[in-house]
Amino acid sequence: MEDNFPILQSSNFPMATNRLQHSQSPYLLQHAHNPVDWFPWGPEALKKAELENKPIIVSIGYSACHWCHVMERESFEDQVTADLMNAHFVCIKIDREERPDIDNIYMDAVQAMGLQGGWPLNVFLMPNQKPFYGGTYFQNLKWKQLLSNIADAYTKHADQLAESAEGFGRSLNRKETDKYGISAGNADLDADDLVEIVTKLSTQFDPEWGGMNRIPKFPMPAIWDFLLDYALLSKNENLQEKVFFTLGKIGMGGIYDQLRGGFARYSVDGEWFAPHFEKMLYDNGQLLELYAKAYQVSKDSFFLEKVQETVNWLQAEMLQEEGGFHAAQDADSEGVEGKFYTWTYSELTKIVPNEMPWLSKLYNLKPNGNWEEEVNILFQTRSYGEVAAEFGMTEEALLEKLKQVKAQLLQVRNQRIYPGKDDKVLAGWNGLMSAGLVQAFYATGEKRMLELAMKNLNFIREKMMIDGILHRSYKNGQPYTPAFLEDYAAVIRASLMGFEASGKSEWLDFAQQLTDFCITEFYDESDGFFFFNNPKAEKLIANKKELFDNVIPASNSIMARNLHRLSLFTYQEKYSEISSKMLGGMKELIIKEPGFLCNWAHFYLESLVPTAEIGIVGKGAELEAREIQSAYFPNLIVGWSESPTQTAPILQGKTPDSSGNALIYVCFDHACRKPVSTLEEAASQLPYLA
1 MEDNFPILQS SNFPMATNRL QHSQSPYLLQ HAHNPVDWFP WGPEALKKAE
51 LENKPIIVSI GYSACHWCHV MERESFEDQV TADLMNAHFV CIKIDREERP
101 DIDNIYMDAV QAMGLQGGWP LNVFLMPNQK PFYGGTYFQN LKWKQLLSNI
151 ADAYTKHADQ LAESAEGFGR SLNRKETDKY GISAGNADLD ADDLVEIVTK
201 LSTQFDPEWG GMNRIPKFPM PAIWDFLLDY ALLSKNENLQ EKVFFTLGKI
251 GMGGIYDQLR GGFARYSVDG EWFAPHFEKM LYDNGQLLEL YAKAYQVSKD
301 SFFLEKVQET VNWLQAEMLQ EEGGFHAAQD ADSEGVEGKF YTWTYSELTK
351 IVPNEMPWLS KLYNLKPNGN WEEEVNILFQ TRSYGEVAAE FGMTEEALLE
401 KLKQVKAQLL QVRNQRIYPG KDDKVLAGWN GLMSAGLVQA FYATGEKRML
451 ELAMKNLNFI REKMMIDGIL HRSYKNGQPY TPAFLEDYAA VIRASLMGFE
501 ASGKSEWLDF AQQLTDFCIT EFYDESDGFF FFNNPKAEKL IANKKELFDN
551 VIPASNSIMA RNLHRLSLFT YQEKYSEISS KMLGGMKELI IKEPGFLCNW
601 AHFYLESLVP TAEIGIVGKG AELEAREIQS AYFPNLIVGW SESPTQTAPI
651 LQGKTPDSSG NALIYVCFDH ACRKPVSTLE EAASQLPYLA
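Just so it is clear: in the sequence shown, position 413 is 413 by my numbering, and no numbers are missing.
Treat each hint with caution, since some may be false.
Cut-off 30 Å, straight-line C-alpha distance, at most; resulting in silico cross-link-like pairs (DSSO-like, lysine-lysine) [stated by the list, open to error]: (1) Lys592 <-> Lys179; (2) Lys200 <-> Lys592; (3) Lys401 <-> Lys463; (4) Lys455 <-> Lys299; (5) Lys361 <-> Lys350; (6) Lys539 <-> Lys581; (7) Lys447 <-> Lys175; (8) Lys401 <-> Lys366; (9) Lys144 <-> Lys54; (10) Lys574 <-> Lys447; (11) Lys574 <-> Lys175; (12) Lys406 <-> Lys242; (13) Lys142 <-> Lys47; (14) Lys619 <-> Lys455; (15) Lys142 <-> Lys299; (16) Lys401 <-> Lys48; (17) Lys339 <-> Lys403; (18) Lys156 <-> Lys179; (19) Lys235 <-> Lys592; (20) Lys406 <-> Lys179; (21) Lys299 <-> Lys350.
Derived CB-CB ranges, DEER-like [said to hold, decoys possible]: (22) Thr17 <-> Gly181: 46 to 56 Å; (23) Glu622 <-> Tyr180: 52 to 62 Å; (24) Glu374 <-> Asp192: 46 to 56 Å.
Honestly, the hints are just simulated from the structure, not real lab data. For each residue, glycine too, the CB sits at the ideal point set by N, CA and C.
Starting from the given sequences, assemble the full structure and let the hints guide the process.
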């Protein structure tokens, strides 16, 4: 049966009643029929606030956000509430995925007020955009009381609110590097620092369920990616097993869509059991890359299953016709969170009656449900081997049965009403997914994965660039909103991987073009880091720098690693000079707070253990490159060509053997070891962490 995905757009709603009807964003279109007189962010709304001397409400969310939907239903669709908002405020709705720069500013402001951040984010501003109060989700009664109180305070004590806003304005304009005492500069690197970082992280592991020992539980791919590479480079098998243990638990959890593939954002509990069911492209791109690496190292077929199923989900449900990937799938369908993904026991019994004994054991199915409202989340707590043994089957036989059951259940599930989909394409998130697909290709050898990645990179280059400027968003044939550092960083990284995978120098050139643009437009010479927003593109009340790694690594840490790799591909020292100073500035903070700086820690590891520059030239070069890439060695870059070439500096001056067959050059800091012709000989020249 054909999969039908309802796209969240204005045609689904009654006649739009506010200015959001002209937006591209599915999230803004969801609010286009609210009685609230919403404006999108822009000069019209900001001018109106100044002319009418009204405070501004900035309300920020995203289409897959459960509590954003709840607040919309309770408050923004309520006429009484809307009347209050319209009478006393200029109301601006923002999709945080389209404008993460504005979200960063006002999230910082709310946290500076001593309040908890999150979405929906609702912030009250003076007409000059400076914030004086805010919060996240408010129940309708509390929201109406707050609106009345603020309207009253603005009428009677506007000067006091302005004073408060000035204070927060000053706080927002303080440089992140000043705030955390960071000054860029070259630093001495020491292997003992990495031991300390890994020891600190290890004390935060959950020994029972994997992941970090906190609730709710986010997968945090950057942490496990760093730890896997550290374990391999230091030959620490115990740590490697801890990484695999975590990835095993996540892959068995309800956070993973056991039928279709793909991961939800996080689980509300500590066992990866009950997720918020939204699936975001950025999580899935990073987790795809991580599970691919785990399979390459371990050859555990469980990890391979997660890679293949997740790519199947991506192809079936997230791919648009031009090669871009949609941003997200919602948690809710028919107004109920998780309804699309959960099952009653009786429903399952009707569909696969003969398989219920072993299926119930495998997925913890209960007659009265294992979750709320008497429904079951498919939640695996025992291995395939254990369940097979209990029911007198081989593991192969169980997996064959499971494949058939999944297909049957998926056929039934596909007839349900789908969760809403955010069908805009975001450059940075697509970059993360392209990188994941390249790694998945290395792991599986499946050509479709490389084809998806390269088609996606082509889409970004052909459709999301206007006059040499990358754009953040794309929908209905239109790129819009100039990109942020997050977008540039992720696309540069994917382009470098595209060069390694395809051997086509155009991808190295593209990565270099984007990097040079970032240095010109985003780089702040005064402290050695990059702004998140391009300060030359639009005047905001603050220009922020993203330094801490979160569910997506910090754009500065991705950029630092890109610059390091680019300098090795191009032999241009200007890139490594910037990146090593960035690492020097972050070093003390990485050692102190590694849990939020793991992509930086990864760069520390890459800088301490020399990164191998591998050039392969001659007949059979692609095959040799594939052998190296599919084996997975951390901390190396690969350039290859079937014939001698001057296109990429990493390949210049390198020649095949006397018969024209490929030779492998393993080099460090542009100095090469004796060329060899086999993977084993090349691997023996790679360094480890002593």
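Structure-based check of all given hints:
no. : hint                          : result
1   : Lys592 <-> Lys179             : holds (15 Å)
2   : Lys200 <-> Lys592             : holds (9 Å)
3   : Lys401 <-> Lys463             : violated (43 Å)
4   : Lys455 <-> Lys299             : holds (28 Å)
5   : Lys361 <-> Lys350             : holds (17 Å)
6   : Lys539 <-> Lys581             : holds (28 Å)
7   : Lys447 <-> Lys175             : violated (46 Å)
8   : Lys401 <-> Lys366             : holds (20 Å)
9   : Lys144 <-> Lys54              : holds (17 Å)
10  : Lys574 <-> Lys447             : violated (36 Å)
11  : Lys574 <-> Lys175             : holds (24 Å)
12  : Lys406 <-> Lys242             : holds (29 Å)
13  : Lys142 <-> Lys47              : holds (29 Å)
14  : Lys619 <-> Lys455             : holds (26 Å)
15  : Lys142 <-> Lys299             : violated (54 Å)
16  : Lys401 <-> Lys48              : violated (63 Å)
17  : Lys339 <-> Lys403             : holds (23 Å)
18  : Lys156 <-> Lys179             : violated (35 Å)
19  : Lys235 <-> Lys592             : holds (24 Å)
20  : Lys406 <-> Lys179             : violated (52 Å)
21  : Lys299 <-> Lys350             : violated (36 Å)
22  : Thr17 <-> Gly181: 46 to 56 Å  : holds (50 Å)
23  : Glu622 <-> Tyr180: 52 to 62 Å : violated (45 Å)
24  : Glu374 <-> Asp192: 46 to 56 Å : holds (55 Å)
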